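Visitor: Spelled out from the first residue to the last, the chains are:
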Amino acid sequence: MEVVGLDSIKELDSREGQDINSLIERSRIPLPDPDRWLDEDVKRNVAMIATDAVLNWGRLNSIYMHATGPACCIFEFLSAFTARFDVARFGWEIFRPSPRQADVFVIAGTVTWKMAVQLRRLYDQMPEPKWVVAMGACAISGGTFRESYSVVPGVNRIMPVDVYIPGCPPRPEGFLYGMLMLQEKIRRSSSKKQILEGTYKFKQNFRQFPAGNH
Amino acid sequence: MTVALKSEQTASQIAAAFPGADVKADGPAVVVAPDMVNKVCAFLKSAPGLEFDYLQNLTSTDYLDYFEVVYHLTSLKHNHSMVLKTRCFDRNNAEVASVTGVWRGADFQEREVYDLMGIKFTGHPNLKRILLWEGFPGHPLRRDYL
Numbered sequence: 001m002e003v004v005g006l007d008s009i010k011e012l013d014s015r016e017g018q019d020i021n022s023l024i025e026r027s028r029i030p031l032p033d034p035d036r037w038l039d040e041d042v043k044r045n046v047a048m049i050a051t052d053a054v055l056n057w058g059r060l061n062s063i064y065m066h067a068t069g070p071a072c073c074i075f076e077f078l079s080a081f082t083a084r085f086d087v088a089r090f091g092w093e094i095f096r097p098s099p100r101q102a103d104v105f106v107i108a109g110t111v112t113w114k115m116a117v118q119l120r121r122l123y124d125q126m127p128e129p130k131w132v133v134a135m136g137a138c139a140i141s142g143g144t145f146r147e148s149y150s151v152v153p154g155v156n157r158i159m160p161v162d163v164y165i166p167g168c169p170p171r172p173e174g175f176l177y178g179m180l181m182l183q184e185k186i187r188r189s190s191s192k193k194q195i196l197e198g199t200y201k202f203k204q205n206f207r208q209f210p211a212g213n214h
Numbered sequence: 001m002t003v004a005l006k007s008e009q010t011a012s013q014i015a016a017a018f019p020g021a022d023v024k025a026d027g028p029a030v031v032v033a034p035d036m037v038n039k040v041c042a043f044l045k046s047a048p049g050l051e052f053d054y055l056q057n058l059t060s061t062d063y064l065d066y067f068e069v070v071y072h073l074t075s076l077k078h079n080h081s082m083v084l085k086t087r088c089f090d091r092n093n094a095e096v097a098s099v100t101g102v103w104r105g106a107d108f109q110e111r112e113v114y115d116l117m118g119i120k121f122t123g124h125p126n127l128k129r130i131l132l133w134e135g136f137p138g139h140p141l142r143r144d145y146l
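Chains as they are written, first to last, in the working numbering: chain A, 1 to 214; chain B, 1 to 146.
If a hint is listed, it holds; no wrong ones were tucked in.
One-sided excerpt, in silico: chain A residues whose CB lies under 7 Å from chain B:
{"#": "1", "residue": "Asp13"}
{"#": "2", "residue": "Ser14"}
{"#": "3", "residue": "Glu16"}
{"#": "4", "residue": "Gly17"}
{"#": "5", "residue": "Ile20"}
{"#": "6", "residue": "Asn21"}
{"#": "7", "residue": "Lys114"}
{"#": "8", "residue": "Tyr149"}
A few chain B positions that, by computed beta-carbon distances, are all more than 12 Å from chain A:
{"#": "9", "residue": "Ala15"}
{"#": "10", "residue": "Pro28"}
{"#": "11", "residue": "Thr61"}
{"#": "12", "residue": "Asp65"}
{"#": "13", "residue": "Phe89"}
{"#": "14", "residue": "Lys120"}
The set of hints was computed from the structure by calculation and includes no laboratory data.
These figures come from a predicted structure and were not determined experimentally.
Glycine included, each C-beta is placed from N, C-alpha and C at the ideal position.
From just these sequences and the hints, can you work out the full model?
Guide: Put into structure tokens, the structure is as follows:
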């Protein structure tokens, strides 16, 4: 019986290694930030201004966050949720433990390649529309660990990022400012763009993880 | 305060138990051959007056000429400590006898040394990478990595 167990563990290990190595292979070039993917035709021919205003108002005032804290930035992130900074006044105070109920994915910390596979999977599980916030130097570019053998040099290698919050770590005020910028981005976004981005993001997902890998 | 035992004295005790073995004192540490580490450790754990029942730390160093595996041992019974070292001169095929049979806690630490330094521990029950993933090229804490 032990032999069977060991065999299957070996199989799991090698499969995990293959997943990580293939993700590294596919992540040589950073993904473009979502803003650049706007189709001119749709932009000129469809107008949904009133709907947009209502939708965006709802979205930006009830941001459900899904946070991951692979390193120390998560403590500054959590400090932002204390009474002193009080994010509840902006409507971001609800944490979602499940990515399927979240709008914004906050990555606060250093991401290693071993963790990258899981983060990418969480991102894929989030419903559209979704936004990604990279918090801290490590999440933006790998920080001091950029040249390391095990660290992802910026999470934009594995998922498109909407807002970068610099700092090592950024203060809670910095986090608030970054999230206000994200709110501004949501306020200015149009449904056409969201729909279009959605298709693009879906294609992107499809390129990253072929069917059957989930 | 934990008393650090004199290395010369401990080395002579080990040499008396293993006649003909290559045991010498080097500064605060006792240096033994890599293939007999497990036997020496079993002796150090059970010999009356020594009884090192706690493996505090197991690590390794790369000196380019050789790898050194370091064991920090403590006796909770007698409240004394010692440092045991072993040296592997073969870079491509470094092998040290595993001490998981003596102290169960050596398991993960030996796997970490294997993962990052590439030293094989013969007799280890489950010697595979612990921090990095399967298929990772090389051993990153070696000084000639990259």
